[in-house]
Amino acid sequence: MKYMLMMNTPRGGDYQVMSWPKQDLEAHIAFMIGFAKKLGAAGELVGAEGLASPSQAKLVRAGANGNPVTDGVFPETKEFLAGYWIVQVGSAERAYEIAAEASAAPGAGGAPMNMGIEVREVMSGPPKDPE
Amino acid sequence: MKYMLMMNTPRDGYAKYMSWPKQLIAANTDFMRAFARKLAEAGELVSATGLASPVQAKLVRAGDDGRPITDGVFPETKEFLAGYWIVQVENTARAYEIAAEASTAPGMGDSPLMIEVREVMSAPP
Chain G
4 MKYMLMMNTP RGGDYQVMSW PKQDLEAHIA FMIGFAKKLG AAGELVGAEG LASPSQAKLV
64 RAGANGNPVT DGVFPETKEF LAGYWIVQVG SAERAYEIAA EASAAPGAGG APMNMGIEVR
124 EVMSGPPKDP E
Chain L
2 MKYMLMMNTP RDGYAKYMSW PKQLIAANTD FMRAFARKLA EAGELVSATG LASPVQAKLV
62 RAGDDGRPIT DGVFPETKEF LAGYWIVQVE NTARAYEIAA EASTAPGMGD SPLMIEVREV
122 MSAPP
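For the record, the sequence lines run as chains G and L. Here the first sequence is numbered in the numbering used here, starting from 4 and rising by one per residue. Here the second sequence is numbered in the numbering used here, starting from 2 and rising by one per residue.
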């Protein structure tokens with residue numbers, strides 16, 4: 004089963020990590036590198052990406068002529084995706100264990116952040132062409 | 002440059018989708034299939050994923066002992082990711098064009114499909 008583990012950030016603008024002391028930021032990054040390496044070595048990592056800060060996020064839809072209409076205004080309550088891991092594991096429990104480990108990434112001051120990680124089951128890619 | 006194009010939905014979005022007329026769901030599915038094929042043929046599609054309904058979504062954090070603490074309660078205002086495309090394109094304008102096309106997927110017409118576009122930095126640093 005595939006699960007998507009999402010790290011969300013509670014506000015728009017620039018990422019908070021960018022205001023951390025350099026040493027704390029480096030410890031956080033080192034944790035993330037080691038974590039991805041470990042999941043990869045265990046054969047559990049399908050993919051992972053980090054997203055640029057929400058300050059450049061846009062909402063896009065087609066106008067009447069089909070051309071993109073972009074808008075940079077989001078509700079204050081909106082959470083932004085900061086990054087994710089997709090893992091292939093035997094059970095939801097294993098996905099939760101991995102999420103808990105990600106949650107304990109070191110934060111400002113070096114203490115575990117224990118941040119909430121949203122865990123969702125992945126259905127598939129876009130629907131496949133019929134055989 | 003890589004961009005992530007996200008389709009977000011309120012918690013009841015999946016239930017609403019499932020209540021669409023069968024024909025409309027089929028038209029939406031056909032659109033998504035052709036759209037993915039076209040992006041792939043153009044060499045612009047890096048990956049695309051659809052997520053299961055948020056009914057089973059959990060928020061997980063580590064307890065003091067490092068064990069997972071799971072919680073299924075989310076704020077009412079929370080948007081859930083329904084699916085995404087990651088595209089590799091020359092510039093932001095092209096990412097917006099692709100997002101605009103995704104936004105024209107057939108639906109009930111009750112609310113425009115908005116696509117959140119974000120630049121992808123990299124895999125974990």
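Since the hints were made in silico from the structure, they are not lab data. Remember, it's a predicted structure, so these values are computed and weren't measured experimentally. Every residue gets a Cβ at the ideal spot worked out from N, C-alpha and C, and that includes glycine. Hints may contain errors.
What the hints assert, rightly or not - Just so you have them, the derived chain G footprint on chain L, three or more residues with Cβ under 8 Å: (1) 51–59; (2) 71–83.
As the list claims (entries may be wrong) - From the derived model, a few chain G residues whose C-beta atoms are all more than 12 Å from chain L: (3) E47; (4) N70; (5) N117.
Unchecked claim - Here are some chain L residues pointing at chain G (derived, C-beta under 7 Å): (6) P11; (7) K23; (8) L46; (9) D111; (10) M115.
inquiry  = When the structure is checked against the list of hints, which entries are broken? Sort them ascending.
reply    = Hints 4, 5, 6, 7, 8, 9 not satisfied by this model.
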